[in-house]
Amino acid sequence: MLSYWEQQSFHKYDHIIIGAGIVGLSTAIELRVKYPGSRVLVLERGLLPTGASTKNAGFACMGSVTELLADLRHMSEDEVVALFERRKRGLELLRDRLGDDNIGYAATGSHELISKQEEYALDKIDYLNSLLKPVTGQDAFRRVDEKLTDLGFAQAHITALIENTCEGALHTGMMMRSLVDYAMQQGIEIKTGVEVVSYEEDADGVTVYTGSGIDFKCDTLCICTNAFTKSLLPEADVVPGRGQILITKPISGLKLKGIFHFNEGYYYFREIDGRILIGGGRNEDMQGEATDELTVTDTIQNKLEEKLREIIIPNTPFEVDMRWAGIMAFGDTKQPVIQQFSEHVFGAFRMGGMGVAIGSLAGKELVALIN
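Counting the sequence shown from 1 gives a position; my numbering is that position plus 40.
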């Protein structure tokens with residue numbers, strides 16, 4: 041039960057956001073910008089953000105050549121360009137808000153490894169550059185096969201290399217720490233370890249019920265729980281997609297620098313602190329990885345190690361230091377859901393594995409719906 045003092049000071053808020061990931065915190069920040077005197081509360085079920093915001097690979101990415109070509113098989117050119125632009129704007133907003141030094145951002149560009157089966161993509165580089173130039177202002181992609189030997193990839197598997205000048209790397213932990221600090225500096229309250237089990241809406245607003253038995257009241261509720269949204273919005277078109285990752289122990293003489301993708305973006309790896317971080321492989325078991333279980337599996341982890349041994353650092357011994365998983369959210373389209381669901385309830389979720397890029401903009405777009 042609450043005391044009189046708690047009832048007076050910790051019970052009623054103007055806005056409550058469920059989820060303290062990139063989207064949730066960005067939404068809270070935008071609400072304080074739009075309504076400077078408002079009381080804003082963020083509720084997070086974990087002690088740290090639960091889904092992917094603190095568990096991703098630290099890629100500031102917008103889409104590789106093979107990934108964009110795959111999108112164009114079921115999306116129009118206008119849709120692909122618009123989504124690419126939103127990712128670009130989202131990254132710019134994140135960087136402007138927090139500062140590159142505070143998120144460990146480096147404009148490394150990225151490289152995509154092309155196999156024999158994917159050489160069709162090489163003929164589409166000029167087409168994609170032309171398509172995206174109104175957004176990028178420059179050629180985003182170029183072929184740089186001359187780098188293959190120095191990078192040491194197995195050329196029996198990799199026949200070409202495409203550079204993407206638009207992407208970069210960041211430090212996921214620094215980014216989220218800075219985002220939390222920034223939100224708190226704006227007067228936003230963040231409560232972790234609070235699981236929201238349900239909510240009830242009436243003419244006056246929303247009552248939010250938690251697993252601890254304490255409820256909160258607000259005028260507007262924003263659901264920013266990405267892959268975990270169905271527990272609160274059962275009708276939502278969202279399917280979880282687990283992303284598994286491993287990181288090696290430091291590797292002596294490692295040649296890699298920057299960030300890399302292959303296989304339509306399903307695999308991704310980077311150098312960090314003299315180690316290789318590699319993740320992905322969801323396409324090897326799509327049904328099994330459509331889960332919100334924060335565990336790793338032998339099937340995917342073995343695939344990640346196999347890619348290291350056979351493609352990325354052939355003939356180089358390595359040891360795995362850590363393994364983990366994060367949960368992304370997907371649906372029938374790659375477009376995020378940013379929507380008003382009722383008079384007092386709003387939601388932004390289904391970031392399609394691009395939450396780092398689009399999450400800040402998703403928060404801004406969500407708050408634009410709130411009057």
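Just so you know, the hints here were simulated from the structure itself, not pulled from any lab data. Computed from a prediction, not measured in an experiment: that's the story for all the values here. Even glycine gets a Cβ: it sits at the ideal position worked out from N, Cα and C. Heads up, a few of these hints could be off.
[Said to hold, decoys possible] Below, simulated SDA-like cross-link-like pairs (lysine to any residue); rule was C-alpha separation at most 20 angstroms, straight line: (1) K295 x Y167; (2) K289 x H211; (3) K257 x D111; (4) K289 x K257.
[Said to hold, decoys possible] Ranges of calculated distance between the beta carbons of each label pair, as one might list FRET restraints: (5) M362 x Q327: 42 to 50 angstroms; (6) D313 x A194: 17 to 25 angstroms; (7) E46 x E119: 43 to 51 angstroms; (8) Y44 x D221: 30 to 38 angstroms; (9) S382 x E117: 32 to 40 angstroms; (10) Y167 x P354: 40 to 48 angstroms; (11) V336 x A243: 44 to 52 angstroms; (12) K164 x M326: 22 to 30 angstroms.
Hint by hint, here is what the structure shows:
no. : hint                            : result
1   : K295 x Y167                     : violated (31 angstroms)
2   : K289 x H211                     : holds (18 angstroms)
3   : K257 x D111                     : violated (41 angstroms)
4   : K289 x K257                     : violated (48 angstroms)
5   : M362 x Q327: 42 to 50 angstroms : violated (26 angstroms)
6   : D313 x A194: 17 to 25 angstroms : holds (24 angstroms)
7   : E46 x E119: 43 to 51 angstroms  : holds (48 angstroms)
8   : Y44 x D221: 30 to 38 angstroms  : holds (32 angstroms)
9   : S382 x E117: 32 to 40 angstroms : holds (35 angstroms)
10  : Y167 x P354: 40 to 48 angstroms : violated (32 angstroms)
11  : V336 x A243: 44 to 52 angstroms : holds (47 angstroms)
12  : K164 x M326: 22 to 30 angstroms : holds (25 angstroms)
When held up to the earlier numbered hints, the structure conflicts with 1, 3, 4, 5 and 10 and fits the remainder.
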